[in-house]
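I would like the entire structure built from these sequences, with the hints used as guidance.
If you're matching them up, the sequences are chains P, C, B and D in order.
Numbered according to my numbering, the first sequence spans residues 9 to 333.
Numbered according to my numbering, the second sequence spans residues 9 to 333.
Numbered according to my numbering, the third sequence spans residues 9 to 333.
Numbered according to my numbering, the fourth sequence spans residues 9 to 333.
Because the hints were derived from the structure by calculation, they are not lab data.
Worth double-checking, as some hints may not be accurate.
When chains are identical, the list treats them as one kind, so a pair holds in a single copy or across two.
Said to hold, decoys possible - Computed list of lysine-lysine pairs in DSBU-like fashion (alpha-carbon distance at most 30 Å, straight line): (1) Lys-197 with Lys-252; (2) Lys-89 with Lys-12; (3) Lys-89 with Lys-134; (4) Lys-212 with Lys-288; (5) Lys-288 with Lys-197; (6) Lys-89 with Lys-14; (7) Lys-90 with Lys-212; (8) Lys-161 with Lys-288; (9) Lys-158 with Lys-327.
4 protein chains.
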Amino acid sequence: MATKIKAGIIGGAGYTGGETIRLLLNHPDVDLVFVHSRSNAGNPIYTVHTDLLGDTSLTFSDNINQPVDVLFLCLGHGESKKFLEENSVPQNAKVIDLSQDFRLGASTSGRTFVYGLPELNREEIKSANNIANPGCFATALQLGLLPLAKVGKLSEVYTTGITGSTGAGQKLQETTHFTWRANNISAYKTLTHQHLLEINRSVKQLQPGYSGAINFVPWRGDFTRGIFVSSCITTEESLEALVKLYSEYYSGHPFTIVSNETIDLKHVINTNKCLIGLEKEGNKLVVHSAIDNLLKGASGQAVQNMNLLFGLAETAGLKLKSIVF
Amino acid sequence: MATKIKAGIIGGAGYTGGETIRLLLNHPDVDLVFVHSRSNAGNPIYTVHTDLLGDTSLTFSDNINQPVDVLFLCLGHGESKKFLEENSVPQNAKVIDLSQDFRLGASTSGRTFVYGLPELNREEIKSANNIANPGCFATALQLGLLPLAKVGKLSEVYTTGITGSTGAGQKLQETTHFTWRANNISAYKTLTHQHLLEINRSVKQLQPGYSGAINFVPWRGDFTRGIFVSSCITTEESLEALVKLYSEYYSGHPFTIVSNETIDLKHVINTNKCLIGLEKEGNKLVVHSAIDNLLKGASGQAVQNMNLLFGLAETAGLKLKSIVF
Amino acid sequence: MATKIKAGIIGGAGYTGGETIRLLLNHPDVDLVFVHSRSNAGNPIYTVHTDLLGDTSLTFSDNINQPVDVLFLCLGHGESKKFLEENSVPQNAKVIDLSQDFRLGASTSGRTFVYGLPELNREEIKSANNIANPGCFATALQLGLLPLAKVGKLSEVYTTGITGSTGAGQKLQETTHFTWRANNISAYKTLTHQHLLEINRSVKQLQPGYSGAINFVPWRGDFTRGIFVSSCITTEESLEALVKLYSEYYSGHPFTIVSNETIDLKHVINTNKCLIGLEKEGNKLVVHSAIDNLLKGASGQAVQNMNLLFGLAETAGLKLKSIVF
Amino acid sequence: MATKIKAGIIGGAGYTGGETIRLLLNHPDVDLVFVHSRSNAGNPIYTVHTDLLGDTSLTFSDNINQPVDVLFLCLGHGESKKFLEENSVPQNAKVIDLSQDFRLGASTSGRTFVYGLPELNREEIKSANNIANPGCFATALQLGLLPLAKVGKLSEVYTTGITGSTGAGQKLQETTHFTWRANNISAYKTLTHQHLLEINRSVKQLQPGYSGAINFVPWRGDFTRGIFVSSCITTEESLEALVKLYSEYYSGHPFTIVSNETIDLKHVINTNKCLIGLEKEGNKLVVHSAIDNLLKGASGQAVQNMNLLFGLAETAGLKLKSIVF
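Next comes the structure, spelled out in structure tokens:
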């Protein structure tokens with residue numbers, strides 16, 4: 009490729025900011041022009057993301073007025089909208105927002121956003137200018153449900169999902185205190201998780217008359233990375249037909265894979281993959297899905313969206329070595 | 009107490025055998041007469057249960073013909089029945105079997121068994137001679153469902169439960185290899201877990217016409233001890249009424265406690281307690297329950313049953329310091 | 009026992025306060041009169057130590073003027089001295105201080121303190137009025153070194169020790185963030201840990217001419233409870249002679265046990281025990297020692313000291329079920 | 009690059025075999041021709057290394073007679089020598105052996121081996137035909153000691169090191185049972201670890217008169233990947249001079265980095281890096297070093313050696329995204 013894509017990151021000191029930096033530093037087609045952080049401006053990036061010592065001498069910048077082709081917003085919920093309203097981002101720069109601010113269709117400052125789940129909206133993404141990157145639980149749940157919705161056969165869903173501590177961010181909180189979280193399991197936001205809004209929106213995009221409920225019980229797990237979800241759905245379809253349905257739905261999608269074997273959470277950790285496993289007893293289908301919450305659930309999917317926005321190979325910079333063990 | 013209860017343990021080298029030893033050594037009303045293990049006969053118990061170094065000089069015995077008041081069978085599934093058929097256990101010795109051999113009502117060698125869930129069958133247990141001790145998942149699930157069944161209002165149930173590695177026993181297996189299990193989550197026996205049989209039996213004991221299904225997805229967790237379960241049930245009862253129902257059901261039961269707060273798995277670890285938490289949105293009730301799989305889910309409940317069999321305080325020897333952190 | 013010992017706890021909301029509560033609630037000879045916490049006054053203890061739900065209905069009190077026989081100070085370093093100076097504690101109440109304020113021999117308000125390591129000072133403790141309870145790392149290290157010092161043969165020591173996250177307390181800190189600490193190891197206070205002062209003082213009590221150094225590298229471990237320490241020392245004594253020396257030194261001490269087998273950290277967790285293992289190659293002795301930092305390293309040892317102060321059995325209330333797994 | 013290097017792997021079903029596959033699949037200059045495994049011949053690689061589902065359709069082969077430029081031997085200790093003696097590997101194929109069979113200088117079948125620690129022997133490696141890849145602990149320890157040995161100033165060393173469970177391999181063993189290893193620490197091979205032989209050999213290569221001892225206490229840690237080592241050495245050099253010495257020694261080596269900050273084990277996990285931290289008190293230097301035992305300690309270093317053997321950039325295929333959290 010003759011010219012590289014110039015990328016900037018807003019909010020580079022948090023978890024998703026750090027992961028986006030790590031991905032872009034190794035991306036063959038991207039030049040990471042700046043990483044913005046007001047509080048860390050002037051300091052080398054490795055002073056915050058200490059694993060990057062030896063990998064880059066880039067420093068945080070407080071200057072956002074550097075010409076880029078794409079801007080990643082790695083900000084807290086509510087802050088992305090504010091950022092776009094308070095700063096004049098050149099209209100020719102594409103925006104990929106990792107917050108939830110635009111996932112339900114809001115627009116701001118002349119920018120309208122496409123919901124960036126490639127397995128749902130790949131064609132729209134390719135021609136979009138602004139992407140609302142999906143939530144982590146939303147990604148894991150939807151990838152387990154969309155093929156059924158596509159054929160209009162999704163009924164009521166009962167889901168339990170478990171997430172690692174990185175889902176709760178960098179802030180010090182009681183629920184991320186090591187002493188509390190180690191060897192522990194607990195439930196939170198029972199049946200009221202905010203990602204249900206975007207999940208329902210996607211389901212209805214494919215199956216407009218969907219009148220069921222998605223009953224979702226999120227759990228906090230005693231690990232750092234990853235989401236594992238099991239959804240139970242009543243259906244008369246045979247397991248064979250369902251495997252075929254799911255496999256065909258995802259056949260052109262490089263990161264979402266229907267497995268014939270038991271799936272393990274840790275096998276997707278440090279990758280951009282989603283593994284899907286299907287099981288059936290009587291008229292009950294159980295769909296298991298597993299992702300890395302910071303990659304397919306955040307920064308990896310953001311880079312995947314960038315690849316689509318700029319006509320690159322969808323997997324460019326995303327063939328990552330899994331942690332496996 | 010003038011005379012202590014004489015207890016023997018068959019199969020003392022495994023996890024539940026070890027936990028039963030630990031409990032009986034500290035039990036104020038029990039004299040642990042022998043711990044049987046053919047392969048370890050003659051060796052000090054602390055050579056197998058190395059944490060007991062300094063706590064007891066008892067050795068394993070291969071002689072089961074020592075007079076006892078109660079015999080704990082800590083054997084693998086299928087082996088308890090075989091043991092009772094092949095050995096002449098004096099009829100005046102009561103038997104508490106921790107395997108699944110008699111949970112569904114089978115009898116052998118003139119012994120009939122009462123299903124030993126005190127929160128379901130306390131009065132029957134008090135006058136019983138033989139106890140079939142419930143399974144670990146079965147205990148956690150039932151304690152979340154029984155009050156609703158008692159009033160005939162249990163409908164279809166969707167449950168996900170997660171268990172620690174001790175649930176899989178001492179044997180070396182791929183799914184208990186540290187490298188695989190650390191930081192991992194996986195599903196197994198989806199909708200087909202063997203404990204569903206005893207759970208259904210108990211539900212129908214309280215709600216004979218129950219025609220719903222208990223859809224149960226078990227997960228393997230990356231911790232050693234404990235079971236956490238969330239069950240989702242449709243009901244028109246208010247949360248207030250449900251809390252009242254559950255609290256009253258368990259009011260005389262010292263180990264099962266309805267909490268008004270979020271419950272944590274680790275707060276019951278190393279105790280015989282079951283914590284219950286109730287939440288409701290719309291017409292969906294979610295019941296969370298947490299136990300230590302080796303105590304309330306096995307050896308602790310066995311000792312609780314022994315206490316009931318012999319007219320001791322139900323909590324004797326079971327006021328255990330939790331691990332908390 | 010006719011009358012129970014009346015105990016009070018100052019600073020009952022932290023980790024060591026909580027563990028002291030748990031021990032005293034189950035102690036057969038103690039009546040826990042009050043648990044002081046200004047910020048939580050009036051609230052049930054189980055609102056802070058949530059695992060105690062169902063175990064006690066005691067509430068936190070802001071009134072310290074309740075007659076007690078013994079007062080446990082579970083305060084931060086520097087706060088115990090301040091507390092004793094600012095409050096008039098009746099002189100007939102014995103004080104057991106878990107902070108480091110009096111470990112090096114300071115006295116205040118007419119109170120002088122005995123260093124409360126029973127394996128070093130048991131007789132002095134029995135007739136003392138005030139106890140300075142040892143530090144956690146200090147306990148683990150000293151128990152590995154004292155027998156050699158007793159016979160005047162301790163030379164330079166090279167020690168590495170690893171501690172669980174509870175050693176860092178309840179406060180939210182970067183080094184106790186789950187995301188950082190899980191699967192991580194790091195060193196801190198290299199060669200400068202504050203417990204070296206009390207360790208050196210004890211060594212010189214037994215071996216006054218000790219001129220060696222104790223080179224101690226502490227590590228932070230990815231677990232919650234426990235300390236494991238390995239100390240390397242040059243000595244011409246044979247392993248046989250050393251095992252004899254250590255075994256005899258600890259023969260009358262119920263909680264410190266010299267093992268002939270490899271020792272495991274987790275086998276002392278949730279107990280008041282210290283396991284000692286000795287190995288030798290050439291002229292190098294390696295002593296491994298393991299304790300639960302919150303029990304033998306803090307609250308358990310405090311209760312052991314209370315038992316000695318009041319002429320109870322040294323193990324009263326301290327025969328705890330280990331977590332084992 | 010016009011033609012890619014053709015690579016084969018012998019023993020592709022174990023941990024180091026799997027990691028070598030993962031690295032070579034993404035290596036820009038390598039064509040992975042075959043992965044040999046007798047027991048798995050004919051099966052897709054992802055049936056064993058299940059995280060590779062979707063990444064490769066390569067199958068295991070039982071045919072080793074396929075022309076390659078380089079052969080990786082990922083076999084157990086003792087098996088590499090046997091393999092080379094029993095099979096006719098073409099002399100023009102270079103061999104990189106990950107076992108310990110040739111680390112001390114043995115040769116076989118006309119092949120002599122260079123010890124493949126690039127930070128010690130880079131020039132010799134570049135012109136070598138056969139590489140004996142260093143051990144994992146050996147790599148971590150040596151990288152902490154070599155600069156001092158280079159200037160002839162290494163004296164007696166006291167080291168403690170901790171390793172993850174992957175260091176013990178895939179085989180089911182008591183010490184890799186999850187129930188035992190979780191939350192545990194234990195010592196093994198105290199002062200007798202087999203890697204001491206290769207470490208001593210390297211030290212004497214740089215400091216021929218070295219007469220000190222390397223006293224090494226290895227610990228088993230409760231994590232899967234990584235090695236963290238702290239070595240204590242007496243020296244009169246100032247910390248400033250030592251930092252300069254280490255920094256200069258490693259200045260041209262892309263993977264070994266002297267950090268001015270506290271180093272974290274997890275920051276090197278899933279990378280080929282070694283982080284070095286230096287601290288000094290009085291005349292005692294403590295050197296901390298951290299590596300991923302499967303990458304810089306095994307397969308990553310093997311690929312680094314391959315890069316050197318074939319004149320590629322030393323970092324080709326090894327710019328890996330760290331797991332960080």
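Hint by hint, here is what the structure shows:
no., hint, in the structure
1, Lys-197 with Lys-252, "between (34 Å within a copy, 22 Å between copies)"
2, Lys-89 with Lys-12, "within (28 Å within a copy, 48 Å between copies)"
3, Lys-89 with Lys-134, "within (23 Å within a copy, 55 Å between copies)"
4, Lys-212 with Lys-288, "both (24 Å within a copy, 25 Å between copies)"
5, Lys-288 with Lys-197, "both (28 Å within a copy, 11 Å between copies)"
6, Lys-89 with Lys-14, "within (22 Å within a copy, 52 Å between copies)"
7, Lys-90 with Lys-212, "within (29 Å within a copy, 57 Å between copies)"
8, Lys-161 with Lys-288, "both (16 Å within a copy, 27 Å between copies)"
9, Lys-158 with Lys-327, "within (28 Å within a copy, 40 Å between copies)"
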